[in-house]
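Given the structure of chain Y, go ahead and fit chain E onto it with the hints provided.
Protein chains: 2
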Amino acid sequence: MNNKVIITIGREYGSGGHEVGKRLAAKLGIPLYDDELIQEAASKTGYNLDYVKANDEKAPELSIGSYFSGIDIYQSTPYDNIQFEQHKLIRDIASKGSCVIIGHAADYVLRDEEHVSVFVFAPIEDRIKRKLALLSPEEAEGMTEAAMEKKIKQMDKQRRRFYDFYTDNKWGAKESYDLCINTSRTGIDGAVSIIETMIKASAGKDLFTDM
Amino acid sequence: MNNKVIITIGREYGSGGHEVGKRLAAKLGIPLYDDELIQEAASKTGYNLDYVKANDEKAPELSIGSYFSGIDIYQSTPYDNIQFEQHKLIRDIASKGSCVIIGHAADYVLRDEEHVSVFVFAPIEDRIKRKLALLSPEEAEGMTEAAMEKKIKQMDKQRRRFYDFYTDNKWGAKESYDLCINTSRTGIDGAVSIIETMIKASAGKDLFTDM
Numbered sequence: 055m056n057n058k059v060i061i062t063i064g065r066e067y068g069s070g071g072h073e074v075g076k077r078l079a080a081k082l083g084i085p086l087y088d089d090e091l092i093q094e095a096a097s098k099t100g101y102n103l104d105y106v107k108a109n110d111e112k113a114p115e116l117s118i119g120s121y122f123s124g125i126d127i128y129q130s131t132p133y134d135n136i137q138f139e140q141h142k143l144i145r146d147i148a149s150k151g152s153c154v155i156i157g158h159a160a161d162y163v164l165r166d167e168e169h170v171s172v173f174v175f176a177p178i179e180d181r182i183k184r185k186l187a188l189l190s191p192e193e194a195e196g197m198t199e200a201a202m203e204k205k206i207k208q209m210d211k212q213r214r215r216f217y218d219f220y221t222d223n224k225w226g227a228k229e230s231y232d233l234c235i236n237t238s239r240t241g242i243d244g245a246v247s248i249i250e251t252m253i254k255a256s257a258g259k260d261l262f263t264d265m
Numbered sequence: 055m056n057n058k059v060i061i062t063i064g065r066e067y068g069s070g071g072h073e074v075g076k077r078l079a080a081k082l083g084i085p086l087y088d089d090e091l092i093q094e095a096a097s098k099t100g101y102n103l104d105y106v107k108a109n110d111e112k113a114p115e116l117s118i119g120s121y122f123s124g125i126d127i128y129q130s131t132p133y134d135n136i137q138f139e140q141h142k143l144i145r146d147i148a149s150k151g152s153c154v155i156i157g158h159a160a161d162y163v164l165r166d167e168e169h170v171s172v173f174v175f176a177p178i179e180d181r182i183k184r185k186l187a188l189l190s191p192e193e194a195e196g197m198t199e200a201a202m203e204k205k206i207k208q209m210d211k212q213r214r215r216f217y218d219f220y221t222d223n224k225w226g227a228k229e230s231y232d233l234c235i236n237t238s239r240t241g242i243d244g245a246v247s248i249i250e251t252m253i254k255a256s257a258g259k260d261l262f263t264d265m
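Protein sequences appear in the order of chains Y and E.
Note that my numbering has the first sequence beginning at 55, numbered continuously upward.
Note that my numbering has the second sequence beginning at 55, numbered continuously upward.
Isolated chain Y, as found in the complex:
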């Protein structure tokens, strides 16, 4: 690819957002930054990797104002320190060249930088089926649809709390993104093709050039 392109992917748990990002990055020949890489990178700034993993994409339990709203009474937490390091890291990653970044409110962190912002979702019934189908035989032992539904809802809730706490936007609301894709309707490869088309479309596009 000739021009630098940054793609951020927000995702509902079990919607295949990570797989979309992985295949997109491979197809475009650019690096993918997912949970694992971002956690590792953040741990290099001084935090213990296990500690970073345990607190990744989480918001403090008690939400007094937004991290970005600058309310004076807000007291910094360990979550904030990890997020602060990760935000620096995401800006650093994006400044270096083309990449795909999964989660971590990267769309908001990079709001002043040109990028394509995507949110991937799917009906919960399909996400339950998808996550159950992806379990190893050991993981599947004793797992039920109800238990998987509970886990998916917990993960979505955690991601929503994290995003809504550390940004001024709303997680999963279309207004926060350039494009929202239902993977139950497009499939994983379909979503990748749609994002590729979006990248071409958004390159230097002005609303008023083609009214």
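There's no promise every hint is true.
Treat identical chains as interchangeable: a pair holds within one or across any two.
Straight-line distance between alpha carbons at most 30 angstroms, and here's what the computed DSSO-like set of lysine-lysine pairs gives [claimed, not checked]:
(1) K254 <-> K183
(2) K150 <-> K204
(3) K142 <-> K204
(4) K211 <-> K150
(5) K204 <-> K183
(6) K107 <-> K150
Derived by calculation from the structure, the hints in this document are not laboratory data.
Below, chain E alone, put in the same frame as chain Y:
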């Protein structure tokens, strides 16, 4: 095109959704059903055209339950009769062959029929600029940004009330659609290309064939 394809386009006022539908239909060589055509067709079922136009995509002022919820105390209104005729009409149109249908909750009316459901949106600042730029010199006379903003919000409110009243989904919420597109980021032609990619992706796609 070999296979029948139905595309429904919901849209925020001023986002260019109609233009997206028009160009998409032209590119695919299939008919476009927009306000004008749907109004004319509905008027052929017995209603006066001016009356249909005045009541198109509007919900009754007093909302007691949903049209589809079958609440017994709900009393039918002239709006309902027009919507009922239009719903029959939309199902009839869709049964005949490929087409693009703009607005009129067509995505919900055709929920049991295979189709691609898109919602087109843009930040309100851009929609104000776009609508102002499209005015004729006579229309622009005395028009202000504030007046245009008010009109846009009124139109969105009307469409939301109509959709939320006559369907069980939420207007403009990503969950109600396959794809949500921010035209300020894609441009009109970009949105058309994205929908074309979506049509190819959704043809016979199953989430579990490409996990």
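Now the hints, each set against the structure:
no.	hint	result
1	K254 <-> K183	between (33 angstroms within a copy, 24 angstroms between copies)
2	K150 <-> K204	neither (39 angstroms within a copy, 43 angstroms between copies)
3	K142 <-> K204	neither (33 angstroms within a copy, 40 angstroms between copies)
4	K211 <-> K150	neither (32 angstroms within a copy, 43 angstroms between copies)
5	K204 <-> K183	within (13 angstroms within a copy, 45 angstroms between copies)
6	K107 <-> K150	within (24 angstroms within a copy, 55 angstroms between copies)
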